[in-house]
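Asker: Chain by chain, the residues run as shown.
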Amino acid sequence: MRIFDIIRIAQGNLLRSKLRTFLTIVAVFIGTLTLSLTNGVGNGVKVYVNKQLGNLGAEDTLVVQAKQTNQNPVSTDVVKYNPDRQAGTFNIVLLLEKDIQKVKAVKGIEEVTPVYMVQLEYISAGEDKYTVTTNQYIDGLNIDMASGRTVKLNSASEITIPARYVKPLGFESEQDALNKTVTLAFKDSKGELVEKQIRIVGVQQNSLLGNLDTSIGVPLAKEILDQQTLGIPQLEGRYQALLVKYDSSFGVEKLEELKKTLDKKGYFAQTIEEQVGIVSTVIDGILMGLNILGAIALLAASFGIVNTLLMAVKERTREIGLMKALGAHGRHIFAIFAFEAISIGFWGGLFGILVSILIGSVVNNVASQTFLKDFVGFDLLRFPLIPSITILLGIMILSFLAGALPSIKASRLNPIEALRYE
Amino acid sequence: MPETKETILQLTKVSKIYKSGSEDTAAIKDIDLIIHKGESIAIVGKSGSGKSTLMHVLATLDRPSNGDLIIGDKTTTELKNSELDKFRNKKFGFVFQQFFVNPRNSCLDNVVLPLVIQGVSPKERKKRGEAILEAVGLLDKAKSKANDLSGGQKQRLCIARALITNPEVVFADEPTGNLDSETGKIVIDLLFELQRKNGITLVIVTHDQDLAELCDRQITLKDGKIIQKS
Ligand SMILES: Nc1ncnc2c1ncn2[C@@H]1O[C@H](COP(=O)(O)OP(=O)(O)OP(=O)(O)O)[C@@H](O)[C@H]1O
Ligand SMILES: [Mg+2]
Numbered sequence: 002m003r004i005f006d007i008i009r010i011a012q013g014n015l016l017r018s019k020l021r022t023f024l025t026i027v028a029v030f031i032g033t034l035t036l037s038l039t040n041g042v043g044n045g046v047k048v049y050v051n052k053q054l055g056n057l058g059a060e061d062t063l064v065v066q067a068k069q070t071n072q073n074p075v076s077t078d079v080v081k082y083n084p085d086r087q088a089g090t091f092n093i094v095l096l097l098e099k100d101i102q103k104v105k106a107v108k109g110i111e112e113v114t115p116v117y118m119v120q121l122e123y124i125s126a127g128e129d130k131y132t133v134t135t136n137q138y139i140d141g142l143n144i145d146m147a148s149g150r151t152v153k154l155n156s157a158s159e160i161t162i163p164a165r166y167v168k169p170l171g172f173e174s175e176q177d178a179l180n181k182t183v184t185l186a187f188k189d190s191k192g193e194l195v196e197k198q199i200r201i202v203g204v205q206q207n208s209l210l211g212n213l214d215t216s217i218g219v220p221l222a223k224e225i226l227d228q229q230t231l232g233i234p235q236l237e238g239r240y241q242a243l244l245v246k247y248d249s250s251f252g253v254e255k256l257e258e259l260k261k262t263l264d265k266k267g268y269f270a271q272t273i274e275e276q277v278g279i280v281s282t283v284i285d286g287i288l289m290g291l292n293i294l295g296a297i298a299l300l301a302a303s304f305g306i307v308n309t310l311l312m313a314v315k316e317r318t319r320e321i322g323l324m325k326a327l328g329a330h331g332r333h334i335f336a337i338f339a340f341e342a343i344s345i346g347f348w349g350g351l352f353g354i355l356v357s358i359l360i361g362s363v364v365n366n367v368a369s370q371t372f373l374k375d376f377v378g379f380d381l382l383r384f385p386l387i388p389s390i391t392i393l394l395g396i397m398i399l400s401f402l403a404g405a406l407p408s409i410k411a412s413r414l415n416p417i418e419a420l421r422y423e
Numbered sequence: 002m003p004e005t006k007e008t009i010l011q012l013t014k015v016s017k018i019y020k021s022g023s024e025d026t027a028a029i030k031d032i033d034l035i036i037h038k039g040e041s042i043a044i045v046g047k048s049g050s051g052k053s054t055l056m057h058v059l060a061t062l063d064r065p066s067n068g069d070l071i072i073g074d075k076t077t078t079e080l081k082n083s084e085l086d087k088f089r090n091k092k093f094g095f096v097f098q099q100f101f102v103n104p105r106n107s108c109l110d111n112v113v114l115p116l117v118i119q120g121v122s123p124k125e126r127k128k129r130g131e132a133i134l135e136a137v138g139l140l141d142k143a144k145s146k147a148n149d150l151s152g153g154q155k156q157r158l159c160i161a162r163a164l165i166t167n168p169e170v171v172f173a174d175e176p177t178g179n180l181d182s183e184t185g186k187i188v189i190d191l192l193f194e195l196q197r198k199n200g201i202t203l204v205i206v207t208h209d210q211d212l213a214e215l216c217d218r219q220i221t222l223k224d225g226k227i228i229q230k231s
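Sequence lines, in order, name chains S and C. Taking this note's numbering, the leading residue of the first sequence gets 2, the next gets one more, and so forth. Taking this note's numbering, the leading residue of the second sequence gets 2, the next gets one more, and so forth.
A couple of the hints might just be wrong.
[Unchecked claim] Computed footprint of chain C on chain S, listed as stretches where at least three residues anywhere in the stretch have a Cβ under 8 Å from a Cβ of chain C:
| no. | stretch |
| --- | --- |
| 1 | 323–330 |
| 2 | 385–393 |
[Said to hold, decoys possible] Example chain C residues on the side facing chain S (calculated, C-beta under 7 Å, incomplete):
| no. | residue |
| --- | --- |
| 3 | Tyr19 |
| 4 | His57 |
| 5 | Thr76 |
| 6 | Glu79 |
| 7 | Glu84 |
| 8 | Arg89 |
| 9 | Pro115 |
| 10 | Val117 |
| 11 | Gly120 |
| 12 | Ile227 |
| 13 | Gln229 |
[Stated by the list, open to error] One-sided and incomplete, this derived list gives chain S residues near chain C with beta-carbon spacing under 8 Å:
| no. | residue |
| --- | --- |
| 14 | Met2 |
| 15 | Asp6 |
| 16 | Lys105 |
| 17 | Lys315 |
| 18 | Glu316 |
Derived by calculation from the structure, the hints in this document are not laboratory data. It should be emphasised that the depicted structure is a prediction, and the values quoted were computed from it without experimental measurement. C-beta atoms are modelled at their ideal positions from N, C-alpha and C, and glycine is treated no differently.
So here's chain C without its partners, still in its complex pose (with noise of 0.2 Å):
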């Protein structure tokens, strides 16, 4: 457990509500989340209870219909898409289950694409990103196309990328749903060694209750609401 209690993520009342026809359907339902600094959280339910959506929505990728979204001192729902893409680029670092990365290009380029967006200079992207690599392993890698990289070896690729940022919270949506057992703990043990590490807060959604146990805190989600936390 974190010995600081600080918040870095609040969610007061937060639903998201999609239109799908004329009928509306609520994805998540008046949730209310304190997430603290450095710590791992888990969001586990079934499929279709909304732990997607809860995520998108805590990482700005999506705009609550309902309720406030507070990033330390700020409520997002006053500020402007500009600044929310900052906020992600700066302080939040993704990991997606299908990897998302750009397959003709080679792995340093993937890494860096957050420190391009940034407009970091040339010379400070490939120190990075080399630097980078070679925590996950992948330096030997680094001028190969992404697209011949091995599943396991991919899901290191983008957590290099969610890391190079130095973010404060890194989002992981399954990040072992696209891997084998033996290949996912390998990722999951290094996301969770660099987390410790570099006292990042982990938000991890999961169907895997063994990757779920390895968080300090769980959170279950059924039919858009908490139903328990732990």
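Bound-form chain S, shown alone (with noise of 0.2 Å):
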């Protein structure tokens, strides 16, 4: 037989009945809308949150902190007291004077410069005062600025303010904010509250992923948490986290063996990238688990198919054995069967995929209008051409499988019972 007439008696036979094809193709449509859709979610965010990941720059700097004794707040164990482990707020044991010193003495690293973790009380350009929190600025981190600049690293009198600070703090625009003074203000240890001076050089882009927070150089930092934590024996120079420069020449395996250093002298290393990156394997981990809500439906729709095709074969037995006297082979039976099976998969695959694609950007329109409209270059689904491909692929094959069975089934029929079957 030739594919052509194949192909044509598979399509005949699923224009025969129509309202069951349909409804066997719905099925297998729900099921890729709901793949094709989770995986446009996955896509979409993985490619903003790589693209604020590609340029965090940074890259030579690691965040070191104490190995915590006690990770778990709800834990039950009795540890061991020890008074060089000293813990600060919710028991996370900071560093002192001497781990920079350790630190330090590894070999491969650079600098390193503590992160003054400062609380802060309020934010005001006049009248209106703003709760608000800040980052120390980390040398060579790319921060997505909407105007200005990034403040300078030794600087003790600019910061950078998120977007959303703009319009409450009083400025007319991005541009506006800029050079102009804002008040900062703080409690000292004794509680009194202290008001700084401070000059706006940037304002900060809005993104998922950092960027919330204002922006101020280390010597500032380290000025208020001085006033912080003035005669306070617990938490004076004493810090949560250190900033560590190490050799720009370290490849992937030095890094690993430099972690590995620090980890063996009690410290715990991640790059700024794997800190963020946190979050991209908290939104992978919520993608597989709808991904697989989407398998479930496909595996669903793929009994529908069987089933489809077992009635197929029993409705058109004779058929099937009249074929086979004038001298069809099995195969050939069979490949009618699996084809009409394909074409199912295929059909529904391809409209669920193309719905996806519709409804992804009808929905990528109105977030970036609405709900997303501060994420510049963030689009909710993406679908790229290879994955969406083999997402129609795979469902022909499990179509293909599901009408395994039906097809050999048809295929293995005896022409005379089949004959003379009623």
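Since each chain comes alone in its own frame, lean on the hints to assemble the complex.
Answerer: Okay, here's the thing in structure tokens:
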């Protein structure tokens, strides 16, 4: 038999019971739609996260923390007291000056800066005061700026603010905020309010990753923290983390070695990317769950295919018998039914993917005008060609497998018995 | 009587045993039979005597339980199913009592089915299909659905389908069984006319004594055994 004729006969058979074929295709369509949409979200988020991570900068920087003895806040373990392992807020083990020296001594480490974690009371540019958090600027970090520039690492009088603060603080635009002075207030160790006048040098683009806090230079952060911890022994001269610059010529292997060395000395080191990357791990997990839902829908649909084809084989038993009596090979009959199964998968899959792309473009449009307005370049759903084709091929293979049992059944029919079948 | 006595089908000690439950029933037993090229042969006998079974075995639709079927110079016992499929497609034609047409398809589509299976090009199929429909007087029905035909027309369609591959042997199982005697006669006349014209070997299973008499030879079966040859 010619392939053309096998396809023609298969298509004719599908059209014979249009409603049944249609319903089976709908089942595949729903499964594909689910799978394609979750994949679309996955790709959209991943592309965005990678874009953000890709230009994160600060490539040769590690964030070093003390290894936590009491990771689990509800742990019931009773741990032996160790005067060196001082615990700060939330039982976080803090780092001391001697830790800085210890880390500095590790081969390959060029520079160590403590992270001065400060607590601010408010920010204000006139009347209204707003709560605010801040991060100390990390050397080389690329912050996506809407206007102006990042703060100078060694500046004690500069700040950059996230774009969302522009309007509340009373500035016209992101440009307008530049070079304006704001008041930053914090409480010192005696609980008294201290105000500082600082100049805005830049406005940060809104982003899902980091970029949420204001950013200040190292000396300013140190100055504030010193005032906040002055005279409190369990906080003074203690740091939550250290920023460590390592030899920029280090490759992946050397970096791993360095991390291991730090680990042996009792420190936990991560690159900035790894720190932010935890977000994408969480997202991956959620999307995996959604994908499983899509896969289950497809599995259900493939039972629909099995059922549809079994019915078709029964209905056409005589026809199959006639074809075999007239000399059709078993594999011809198999091919006809297998092709029917694959067609159902193909059409259901194709429509599922096309509709998901349609839905995606509508959602992206709406999102970019509403809740994702501030996240420039973030398409919630993305449908790259290769994964979409992979999904389609996967569904065709799945439907082929679903059609295999009925097809084999049809191909093995004995012509005489099939002809006698009423 | 054909002048050449070339053997086209030969059965040697052929039995067909059906297992039904624990009991074995032999539908045909120890059949020895030679069929010559170009002759017409009738298989007669009471219902259940094994006529259809014998025809199925001769036509490779069923494999014998014992003994051999020899087609030309080939012993079919040694052939694979796919090779038997080819034999049936190229060398045999079939006419059944219940017609077995695909009612939704056009007459032309029905008649060219053996050529579709053979892999003949659509163009050639159409040409040969129309020619054979003309020979059975159904050319004007080429585009009609097979369902719209009368019984006699359906059987003529089946004869056309059986002959379209220029087969060497045509097997007909009760070809007039579903037709009134008048229509049956028209169909049979057509069948014999085309058989003689093309030098085809014809094997007819029938209850109808008049039809059997038209054949060159008759074989009578009883309880799966040949009791009379003529
Ligand atoms: N598939 C089968 N399974 C079991 N027994 C069978 C089968 N096919 C035929 N038989 C038995 O074999 C015997 C011969 O059957 P066959 O159909 O050849 O008879 P027949 O002469 O063609 O009868 P009829 O004139 O009624 O068509 C019968 O007893 C029948 O019951
Ligand atoms: Mg019979």
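Asker: For each hint, tell me whether it holds in the structure or not.
Answerer: Here's how the hints hold up against the structure:
| no. | hint | in the structure |
| --- | --- | --- |
| 1 | 323–330 | holds (count 8) |
| 2 | 385–393 | violated (count 0) |
| 3 | Tyr19 | 11 Å, violated |
| 4 | His57 | 6 Å, holds |
| 5 | Thr76 | 19 Å, violated |
| 6 | Glu79 | 18 Å, violated |
| 7 | Glu84 | 10 Å, violated |
| 8 | Arg89 | 4 Å, holds |
| 9 | Pro115 | 5 Å, holds |
| 10 | Val117 | 5 Å, holds |
| 11 | Gly120 | 5 Å, holds |
| 12 | Ile227 | 21 Å, violated |
| 13 | Gln229 | 26 Å, violated |
| 14 | Met2 | 6 Å, holds |
| 15 | Asp6 | 5 Å, holds |
| 16 | Lys105 | 80 Å, violated |
| 17 | Lys315 | 16 Å, violated |
| 18 | Glu316 | 12 Å, violated |
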